[in-house]
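From first to last, the protein sequence lines are chains A and B.
When we follow the UniProt record's numbering, the leftmost residue of the first sequence carries the number 1, and every step to the right adds one.
When we follow the UniProt record's numbering, the leftmost residue of the second sequence carries the number 1, and every step to the right adds one.
Quick caveat, the hints were computed from the structure, so don't treat them as lab data.
In this text the structure is predicted, and so the values were computed from the model without any measurement.
Errors might be hidden in some of the hints.
To be verified - With a straight-line cut-off of 25 Å between C-alpha atoms, the simulated PhoX-like cross-links for lysine-lysine are:
1. A:Lys334 x B:Lys16
2. B:Lys227 x A:Lys318
3. B:Lys196 x A:Lys47
4. A:Lys330 x B:Lys16
5. A:Lys47 x B:Lys16
6. B:Lys227 x A:Lys330
7. A:Lys83 x B:Lys50
8. B:Lys20 x A:Lys318
9. B:Lys32 x A:Lys545
To be verified - Taking beta-carbon pairs under 7 Å as the criterion, some of the chain B residues facing chain A (in silico):
10. Ala29
11. Asn30
12. Arg73
13. Tyr185
14. Ala186
15. Ser187
16. Leu188
17. Pro189
18. Ile191
19. Lys195
By construction, the Cβ of each residue, glycine as well, lies at the ideal position given by its N, Cα and C atoms.
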Amino acid sequence: MQVYTPPLRDMRFVLHELHGSAELSTLKGLEEVTPDLIDAVLEEAGKFVTEVLAPLNQSGDLEGCTYENGVVRTPKGFKEAYKAFCEGGWNGIACDPQYGGQGLPASLNKLVEEMLCSGNLAFGICPGLTHGAYEALKNHASQELKDRFLPKMVDGVWSGSMCLTEPQCGTDLGLVRTKAEPQADGSYKVTGNKIFISAGEHDMAENIIHLVLARMPDAPKGIKGISLFLVPKFLPREDGSVGPRNGVTCTGIEHKMGIHGSSTCQMSFDEATGWLVGEPHKGMRAMFSMMNSERLSVGTQGLGLGEAAYQAAVVYAKERLQGRSLTGAKHPDKPADPIIVHPDVRRTLMTMRAYNEGCRALAGWVARALDLMEHADDPQERQRAEDFTALMTPIVKALFTDLGFEATSMGMQVYGGHGYIRDHGMEQYVRDARIAMIYEGTNGVQALDLVGRKLPAHMGRYLRSFFHPVLNYMDAKLDDENLGPLITPLSKAFGALQLATAHIAEKGLKDPEEAGAAATQYLRLFGMVALGYMWVRMAEVAHEKRVSNPDDAAFYEAKIATARFFMEKLLPDVAALWGSIKAGKASMMALDEAMF
Amino acid sequence: MKILVPVKRVVDYNVKVRVKSDGSGVELANVKMSMNPFDEIAVEEALRLKEAGKATEVIAVSIGPAQASETLRTALAMGADRGILVKVDGVVEPLAVAKILKGVVGEEAPGLVILGKQAIDDDCNQTGQMLAALLGWPQGTFASKVVVEDGGVAVTREIDGGLQTVKLNGPAIVTTDLRLNEPRYASLPNIMKAKKKPIAEKTPADYGVDVAPRLTVLSTAEPAGRKAGVKVGSVAELVAKLKDEAGVI
Ligand SMILES: Cc1cc2nc3c(=O)[nH]c(=O)nc-3n(C[C@H](O)[C@H](O)[C@H](O)COP(=O)(O)OP(=O)(O)OC[C@H]3O[C@@H](n4cnc5c(N)ncnc54)[C@H](O)[C@@H]3O)c2cc1C
Ligand SMILES: Cc1cc2nc3c(=O)[nH]c(=O)nc-3n(C[C@H](O)[C@H](O)[C@H](O)COP(=O)(O)OP(=O)(O)OC[C@H]3O[C@@H](n4cnc5c(N)ncnc54)[C@H](O)[C@@H]3O)c2cc1C
Chain A
1 MQVYTPPLRD
11 MRFVLHELHG
21 SAELSTLKGL
31 EEVTPDLIDA
41 VLEEAGKFVT
51 EVLAPLNQSG
61 DLEGCTYENG
71 VVRTPKGFKE
81 AYKAFCEGGW
91 NGIACDPQYG
101 GQGLPASLNK
111 LVEEMLCSGN
121 LAFGICPGLT
131 HGAYEALKNH
141 ASQELKDRFL
151 PKMVDGVWSG
161 SMCLTEPQCG
171 TDLGLVRTKA
181 EPQADGSYKV
191 TGNKIFISAG
201 EHDMAENIIH
211 LVLARMPDAP
221 KGIKGISLFL
231 VPKFLPREDG
241 SVGPRNGVTC
251 TGIEHKMGIH
261 GSSTCQMSFD
271 EATGWLVGEP
281 HKGMRAMFSM
291 MNSERLSVGT
301 QGLGLGEAAY
311 QAAVVYAKER
321 LQGRSLTGAK
331 HPDKPADPII
341 VHPDVRRTLM
351 TMRAYNEGCR
361 ALAGWVARAL
371 DLMEHADDPQ
381 ERQRAEDFTA
391 LMTPIVKALF
401 TDLGFEATSM
411 GMQVYGGHGY
421 IRDHGMEQYV
431 RDARIAMIYE
441 GTNGVQALDL
451 VGRKLPAHMG
461 RYLRSFFHPV
471 LNYMDAKLDD
481 ENLGPLITPL
491 SKAFGALQLA
501 TAHIAEKGLK
511 DPEEAGAAAT
521 QYLRLFGMVA
531 LGYMWVRMAE
541 VAHEKRVSNP
551 DDAAFYEAKI
561 ATARFFMEKL
571 LPDVAALWGS
581 IKAGKASMMA
591 LDEAMF
Chain B
1 MKILVPVKRV
11 VDYNVKVRVK
21 SDGSGVELAN
31 VKMSMNPFDE
41 IAVEEALRLK
51 EAGKATEVIA
61 VSIGPAQASE
71 TLRTALAMGA
81 DRGILVKVDG
91 VVEPLAVAKI
101 LKGVVGEEAP
111 GLVILGKQAI
121 DDDCNQTGQM
131 LAALLGWPQG
141 TFASKVVVED
151 GGVAVTREID
161 GGLQTVKLNG
171 PAIVTTDLRL
181 NEPRYASLPN
191 IMKAKKKPIA
201 EKTPADYGVD
211 VAPRLTVLST
221 AEPAGRKAGV
231 KVGSVAELVA
241 KLKDEAGVI
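Next comes chain A alone, as it looks inside the complex (with noise of 0.2 Å):
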């Protein structure tokens, strides 16, 4: 059953106990964050998730959205939550108050998006991909197309989307082929097809602002001859009303496997006008800004997925009585015990809650980092921010998204062959889940992105962002009582990565297909061994406060317990990742084309 219960209390734990919440409110322009407003807020986004956009998950996913000359309908109820989430002012949380956002950090923002995904997958998708679209404008667009369109964006009455892919350009959009021909005015006529564009039409908002990758006449070939557009689907009119229609149309949704809220465009351009955002031929880098946001949010649907599967899971598993506890009956008086008794299901259970609660808790560093970046005073601070989100975005969008799909996987094997069937909405999960990997870059080509531009960078500066800060703590932590049982597998672990690491630098340099080879469980590796991190740093706050903080000992308990089977448990995984990796590409690459 989806039972979804927004885990507050965990959210206040990664943000106010583990990375310090107090630090938020001493930043240029986050004065007012205090920690009591953060609770307010995760309050009441709380409760609007579960009251408002949670009970239209399954009813959205079985009736999907539909199609009908060039007009797209979504499920029943979309549209009402869609206005009341945007009348609440959600649609613009992290978005500057200039424009009409709320200004709130990235910290809070991502458990907010969280709750969403985890709420309403396929609801938070429009609003995610506006906020990636505001993203790149208000980095790359003019004053003009600014003050003209991020008002209403920020308010969500205009929503956005953003259209690269085309049938013959997914992962390399240097095969872009939508024109973009110069107009007088300064404006352009945009033509081409565009494929798999999220919420590139529906009806929810009232103007849609596509965002779209193109070609202008005199462009160099290739990746470095892409710019970037703005095309409204509705002209605004000089007074902000919209205008007539532009010439985009939706000419189909796709089917597909799950999603079903959300619809998957064909959009055709037909000399549609739109306005260059950012310089000729650098669409790429305009792009980015948006591909990094939502690189990072669609993160946070994998963990959003993965969490509230355990929740169903859980409470299928204390219900669920089959067979009998291996040291006896623990409930006699049943004809069998509930199945969380045997060990097989808590480890299944033990894996998602240990995966999940350690992605939050990374989710939480690199959100921290977004929010320094933004409003540290310190150069050198923002700096060491920004390189550290450099690095972590890869590592944040395929980690959590592999994870997310294996705990939805989990949580339909803990319901047995009622986790199959539709009644539970356990398989819902799933098939929303796996749309993750492959969107905003496949994880494949998020762990290219990770060896081939990450590690590399400034000669490894990025990664310092990462080893330091972990060499240290290990250093610090090794005596500890408490905490050396844990530094020991850690530090075994970071020995791994640093041998991979080293390992890639040196023969990805001879020979590039190396690099490619490891890439993927190299990704793997880094991430476990950040969550690794991640959790003995939980389990030092627990033991501080399960003294401190009597009253909440069972949570600190918990934590502590689940940093060790973490540790434990999960993180030697480390030590066939590296061996793989130690072996290289040779066998990978044996066989001839002809011989598959």
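Starting from the known structure of chain A, arrange chain B with the ligands on it as the hints suggest.
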């Protein structure tokens, strides 16, 4: 006209309440607390009256521990203008609350006090009535509709047989029933504004009220578990059981 809305911090309605092992009360440690749902309805009604131009200011008052200021913030985030926290630790019985409220009314001189008909923790359903008696004001309890008219208020009440409408003159007490309205969600901008709205801190002594309990709780127990039902074979059997065993017809 000012409207005064008392709001109580209670165990959240989603929480499965557990009795303490020693039977001295219910478990409150680490339990999620929120505003009494009937009080949310009261705040909503006051806000609607203000938005309709029938009231000028909505003041929320909470009587309880320091954390009750969170409940006040919730009211402020919904749109109330300011808050009053009367700090009391431990149990406060309806009569003490009513006496304190009488004091607040004396200071604030509201035209209307809108309370929840009861709080979902102890279900007393007394405070509004006691306050009316202490003040000598008319009362319209269990309201499902409130219409502010010249010099008074018409309150439609939910009673056993259906609905009854009473017209109250002058300053009056209204208590809310479930169907009066559907409370709004606090918007993000209002949550942020709420931070800056003032909350005055008071104590029962400021109103000369002694809050010492007049009642003694003898014991607290979980309700007996539900017994398994039986399947009946026919309507006749059902009727017979209702007559003979249940004795309800
Ligand atoms: C539901 C849904 C919603 C979407 N929403 C949007 C949207 O809003 N806007 C938008 O523009 N797009 C959107 N997409 C498109 C999505 O981003 C692409 O599907 C994705 O980028 C992959 O491109 P592709 O499908 O063409 O796969 P391909 O690029 O053909 O990749 C196929 C496989 O090859 C691998 N591969 C490709 N190139 C390389 C390489 N160089 N090295 C190693 N491996 C490689 C990939 O990892 C993948 O496993 C959406 C897709 C779906 C299904
Ligand atoms: C599409 C479909 C087709 C099917 N076809 C058939 C069919 O043709 N004929 C037929 O008879 N059945 C059929 N089934 C039923 C299927 O075999 C059962 O769903 C399966 O055996 C699991 O039982 P369950 O669903 O009751 O899960 P449960 O037994 O309730 O198990 C739930 C979870 O608890 C775990 N668990 C349970 N007991 C223990 C234990 N003692 N120790 C450790 N872990 C435990 C399980 O591994 C699982 O993860 C079908 C089911 C589906 C969904």
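Cross-check of the supplied hints:
no.: 1; hint: A:Lys334 x B:Lys16; verdict: 23 Å, holds
no.: 2; hint: B:Lys227 x A:Lys318; verdict: 21 Å, holds
no.: 3; hint: B:Lys196 x A:Lys47; verdict: 22 Å, holds
no.: 4; hint: A:Lys330 x B:Lys16; verdict: 23 Å, holds
no.: 5; hint: A:Lys47 x B:Lys16; verdict: 17 Å, holds
no.: 6; hint: B:Lys227 x A:Lys330; verdict: 22 Å, holds
no.: 7; hint: A:Lys83 x B:Lys50; verdict: 23 Å, holds
no.: 8; hint: B:Lys20 x A:Lys318; verdict: 23 Å, holds
no.: 9; hint: B:Lys32 x A:Lys545; verdict: 19 Å, holds
no.: 10; hint: Ala29; verdict: 5 Å, holds
no.: 11; hint: Asn30; verdict: 6 Å, holds
no.: 12; hint: Arg73; verdict: 6 Å, holds
no.: 13; hint: Tyr185; verdict: 5 Å, holds
no.: 14; hint: Ala186; verdict: 5 Å, holds
no.: 15; hint: Ser187; verdict: 5 Å, holds
no.: 16; hint: Leu188; verdict: 3 Å, holds
no.: 17; hint: Pro189; verdict: 5 Å, holds
no.: 18; hint: Ile191; verdict: 5 Å, holds
no.: 19; hint: Lys195; verdict: 6 Å, holds
Consistency with the previously given hints is maintained throughout, with no hint failing.
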